[in-house]
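Asker: For the protein sequence lines, the chains are Z and H, in the order given. For the first sequence, position 80 matches number 80 in this note's numbering, and the numbering has no gaps at all. For the second sequence, position 16 matches number 16 in this note's numbering, and the numbering has no gaps at all.
In short, the hints are calculated from the structure, not lab data. The structure presented is a predicted model; accordingly, all values stated were derived computationally and were not measured. You may find that some hints are simply not true.
No copy is singled out in the list; a pair is fine if it fits within one copy or between any two copies.
Unchecked claim - Lysine-lysine pairs mimicking DSS-like chemistry, simulated, CA-CA at most 30 Å apart:
| hint | residue 1 | residue 2 |
| --- | --- | --- |
| 1 | LYS119 | LYS146 |
| 2 | LYS108 | LYS40 |
| 3 | LYS40 | LYS119 |
| 4 | LYS108 | LYS119 |
Number of protein chains: 2
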Amino acid sequence: MNHIDAAQIMAADCLCFRARRTARAITRAYDAALHPTGLKATQITLMNAIALGQNSMQPVAKLGETLGLELSTLTRNLSVLERGGLVTVARALADRRVRIVSLTDTGKTRLAAALPHWKEAHTTITAALGSETTNALYTALDRATKALDVG
Amino acid sequence: MNHIDAAQIMAADCLCFRARRTARAITRAYDAALHPTGLKATQITLMNAIALGQNSMQPVAKLGETLGLELSTLTRNLSVLERGGLVTVARALADRRVRIVSLTDTGKTRLAAALPHWKEAHTTITAALGSETTNALYTALDRATKALDVG
DNA sequence: TTAAAATACTTGTATATACAAATATATCTT
DNA sequence: AAGATATATTTGTATATACAAGTATTTTAA
Numbered sequence: 001m002n003h004i005d006a007a008q009i010m011a012a013d014c015l016c017f018r019a020r021r022t023a024r025a026i027t028r029a030y031d032a033a034l035h036p037t038g039l040k041a042t043q044i045t046l047m048n049a050i051a052l053g054q055n056s057m058q059p060v061a062k063l064g065e066t067l068g069l070e071l072s073t074l075t076r077n078l079s080v081l082e083r084g085g086l087v088t089v090a091r092a093l094a095d096r097r098v099r100i101v102s103l104t105d106t107g108k109t110r111l112a113a114a115l116p117h118w119k120e121a122h123t124t125i126t127a128a129l130g131s132e133t134t135n136a137l138y139t140a141l142d143r144a145t146k147a148l149d150v151g
Numbered sequence: 001m002n003h004i005d006a007a008q009i010m011a012a013d014c015l016c017f018r019a020r021r022t023a024r025a026i027t028r029a030y031d032a033a034l035h036p037t038g039l040k041a042t043q044i045t046l047m048n049a050i051a052l053g054q055n056s057m058q059p060v061a062k063l064g065e066t067l068g069l070e071l072s073t074l075t076r077n078l079s080v081l082e083r084g085g086l087v088t089v090a091r092a093l094a095d096r097r098v099r100i101v102s103l104t105d106t107g108k109t110r111l112a113a114a115l116p117h118w119k120e121a122h123t124t125i126t127a128a129l130g131s132e133t134t135n136a137l138y139t140a141l142d143r144a145t146k147a148l149d150v151g
């Protein structure tokens with residue numbers, strides 16, 4: 001097998017490429033729909049995960065696990081939201097190593113205003129995919145995430 | 001529907017989050033396997049796309065289309081490879097707006113050395129997923145890419 | 001034949017991502 | 001209680017991504 005053959009096989013088979021390409025396309029579509037909100041899909045995903053905690057608060061480590069994100073990435077993503085006045089981060093009382101992230105009032109308002117746009121993007125995109133492809137994609141993505149979770 | 005409900009629906013349903021989370025997990029797995037090569041999955045994907053052209057050359061626009069990447073992103077990704085001596089970029093003779101990207105000899109060598117590691121990563125990961133999930137994921141990702149292609 | 005429009009990219013600016021190393025705090029061990 | 005170890009997170013450094021605006025070149029049209 002010469003290197004051109006290997007290259008053709010990679011181009012045809014690489015799961016990493018395909019997963020990333022699809023994620024890029026989906027992200028562009030969501031981001032376009034979210035443009036009027038001034039927030040990106042990744043940002044409302046993160047804010048939404050915070051909103052699901054008691055009193056719209058979550059420890060950093062829990063967010064990382066929920067989102068499947070490296071903590072170092074999370075720290076950086078949170079600092080963008082913090083700079084924008086959308087979240088605050090404070091040390092936990094019980095264990096001062098732990099940091100608790102909270103949505104500010106502004107953050108809650110902005111998230112609530114963004115969710116209808118998310119819903120619109122979601123409806124448009126799942127309609128473009130069709131229900132069969134949408135369902136197949138959900139199932140396959142979830143199985144892949146589970147399979148790769150433990151490492 | 002109050003905002004907590006909406007948040008729960010988004011957490012459960014957001015295709016963008018799921019696609020990105022899976023892409024992150026897959027990328028981490030491939031990158032770990034590629035670590036000894038000094039190249040990342042995104043980089044060998046790009047180099048491989050160049051390698052598929054006549055004489056291992058491709059115009060920038062064609063690469064963007066093949067990879068589903070914004071040209072601005074491609075310019076940046078190519079400059080990393082260029083700095084590393086793996087590719088060169090030159091103006092086309094026929095139309096001097098067009099830039100032709102070529103693998104250098106070093107680039108060809110490094111790519112050829114990396115492909116077995118890619119293959120190993122691919123085998124490990126598809127084994128972890130199982131053939132059924134792997135096939136379902138391929139099919140679903142391809143359909144999604146096609147459906148979102150025209151925008 | 002030259003001004004306008006189109007094309008093919010690059011640059012400015014900003015966010016997203018992650019590995020490796022560092023820091024801060026807590027827990028455990030002796 | 002002091003030192004060793006573990007845990008939770010941040011920082012250093014680097015790549016990946018994309019929108020908007022800019023540049024260079026070619027094509028079109030008057």
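Asker: Now tell me, hint by hint, if it's right for this structure.
Answerer: Comparing the hints with the structure gives:
Taking identical chains as interchangeable, the C-alpha atoms of LYS119 and LYS146 lie at most 30 Å apart whether they share a chain (25 Å) or sit on different chains (22 Å). Within a single copy, LYS108 and LYS40 get their C-alpha atoms as close as 15 Å, which meets the 30 Å cut-off; across copies the closest is 38 Å, which misses it. In the homo-oligomer, the alpha carbons of LYS40 and LYS119 lie at most 30 Å apart inside one protomer (14 Å), although the nearest pairing across protomers, at 35 Å, exceeds that limit. For a Cα distance limit of 30 Å, the shortest separation of LYS108 from LYS119 inside one copy, 17 Å, qualifies, whereas the shortest one across copies, 46 Å, does not.
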